[in-house]
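In order, the protein sequence lines correspond to chains A and B. The numbering of the first sequence is our numbering, which starts it at 1 and goes up by one. The numbering of the second sequence is our numbering, which starts it at 1001 and goes up by one.
You may find that some hints are simply not true.
[Unchecked claim] Some residues of chain B that are not near chain A, with every Cβ distance over 10 Å (derived):
no.: 1; residue: T1062
no.: 2; residue: R1073
no.: 3; residue: G1103
no.: 4; residue: E1124
no.: 5; residue: T1128
no.: 6; residue: R1138
no.: 7; residue: D1145
no.: 8; residue: L1160
no.: 9; residue: V1165
no.: 10; residue: A1177
no.: 11; residue: A1224
no.: 12; residue: R1229
[Unchecked claim] Beyond 10 Å from chain B on every Cβ pair, some chain A residues (computed):
no.: 13; residue: M87
no.: 14; residue: A89
no.: 15; residue: L91
no.: 16; residue: A136
no.: 17; residue: A168
no.: 18; residue: A169
no.: 19; residue: F217
[Claimed, not checked] A few chain A residues that face chain B, going by a derived Cβ cut-off under 7 Å, partial list only:
no.: 20; residue: R10
no.: 21; residue: T80
no.: 22; residue: M82
no.: 23; residue: P90
Hints in this document: simulated from the structure, not taken from any laboratory. Ideal Cβ placement from N, Cα and C applies to all residues, glycine included.
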Amino acid sequence: MTAVQVIWLREVRAFRGAFSCGVPVAAFLAASGWTFVMMLRRNEGSVLQIQSLWGLSIAPWLPVLSALLTMRLFSEERSTGMIDLLMSAPLRERDIVVGKFLSAMTVLGAALAVSLVVPALILPALSAPVQGTVRAPAFAATFLILFLQASAWCSAGTMISVLFRNQAAAAVSSLLLCSGMPAVVYAAILAWIPSVRAEVAWMPLLVHVYDFSTGLFSTAVIALYVAVSLFFLFGCSKLLVCLRLRG
Amino acid sequence: MLEIEHITFSYGRHRVLDDVTFDVAPGEIVAITGANGAGKTTLLRLLACLLMQDAGTVRLDTVNPVERPIRYRRGIGYLSEHCPLYSDMTVEGYLTYRVRLKGERSLRVRRRVSEVLEMCGLEEVGKTRMRLLSLGYRKRVGLADALALHPKLLLLDDPLAGLDVRQRKKTAAVLTAASARSAVLVSGHEIQEMLGWCTRFVVLNCGRVAALYRVSDYARDELAQRIERQVSAEAAGEVAT
């Protein structure tokens, strides 16, 4: 077993019995289900496809779930002192970061997979007419973009958790970074440099979900989320190096 | 084995270690003592790669931790002062996790874990969750973790603190046995007890090496008095300032 696998396995097991995992995942499923119903009612008679509705009802809650899942990854290790044992083991910082990040992504992936059941449960109950057939590839594409977004939020949350010993502080900061920052940056760009409106028109995150769910793939969008994830993971491993430098 | 040369370290403007130089030979158990705040924990954290010195060099069998950190860390076993453990894991599960994390081959993991469980007298609590353990057992689990892969250098921060007489004797026996394979660097205030099994004493005073004593060169009581006098003088100086 590699160090990444060992850390991943340990963290997934820790998630399994943790209060800070079960409650947020349950709340996420409830909130996304509720959003799905609201959107379904609001868009009655429209041409929105079912996978688009599912994706758009999930996406706003992903930063919240990511922040709650990642808050404990490093802050708990720091508050208990276990970080010392991790850092004195013969491991590279990036192995620790990747192992922990993948464990959060595993839980998030599982939560997303379970949330796929929401449309299947809710639609018959509401007797809503579904035009055409439900296409698996369309759901897969929506799942992909949601997973990519989750990866970006998770990597940001992982980095933020290195900075705090307090899990609540890590969660709030991560939420601010994930939910607030994209909106602020987008608004700022549009306000200060209106001429770049066309260039950044693809930036709003829900548009990505809608595009992917309707089959409009973009490698640039995929690259954007991968790059953002790698940036935060890189930052996270460098923060660990800083911890080693100054204690 | 371990060479520490002119190590200096500061937290901001506060100098914690100042030109610390000494070495540790294989088979030696070296005690680091001094008043609170003398720099014992900082020195051990630095040797465990949890801090980086401002100046000076550390070498473990010619391996410099700044140049080859992974190789250096493969050669050390570290027991932290507060002995943190994952409370949700069992003793056996935790040691298996740690042995795997340190890169032991899958086939040998089980053997290594049963070795250290036996060495540290933990067989009876192997399946017990960590949160149910007493401080003495927690320290022993930490020690088992540090000893697991037969490191060349054992760094133990205050391993006797909070233990009763029986547990201290047990820990001393484990360390004496471990010194056959490893050099041991141990910090603490229990001078009388450490005199029984340590080969040398390094007395730190405000981050400087105030004295180095070879235990075999002195009568035990005389050495104990000398060291205690030095530590008390430093503590009094600290109060005065």
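Hints versus structure:
no., hint, result
1, T1062, "holds, 17 Å"
2, R1073, "violated, 4 Å"
3, G1103, "violated, 6 Å"
4, E1124, "holds, 24 Å"
5, T1128, "holds, 17 Å"
6, R1138, "holds, 12 Å"
7, D1145, "violated, 7 Å"
8, L1160, "holds, 19 Å"
9, V1165, "holds, 27 Å"
10, A1177, "holds, 22 Å"
11, A1224, "holds, 31 Å"
12, R1229, "holds, 31 Å"
13, M87, "violated, 6 Å"
14, A89, "violated, 5 Å"
15, L91, "violated, 7 Å"
16, A136, "holds, 38 Å"
17, A168, "holds, 20 Å"
18, A169, "holds, 20 Å"
19, F217, "holds, 39 Å"
20, R10, "holds, 6 Å"
21, T80, "holds, 5 Å"
22, M82, "holds, 5 Å"
23, P90, "holds, 4 Å"
Checked against the numbered hints above, the structure breaks hints 2, 3, 7, 13, 14 and 15 and satisfies the rest.
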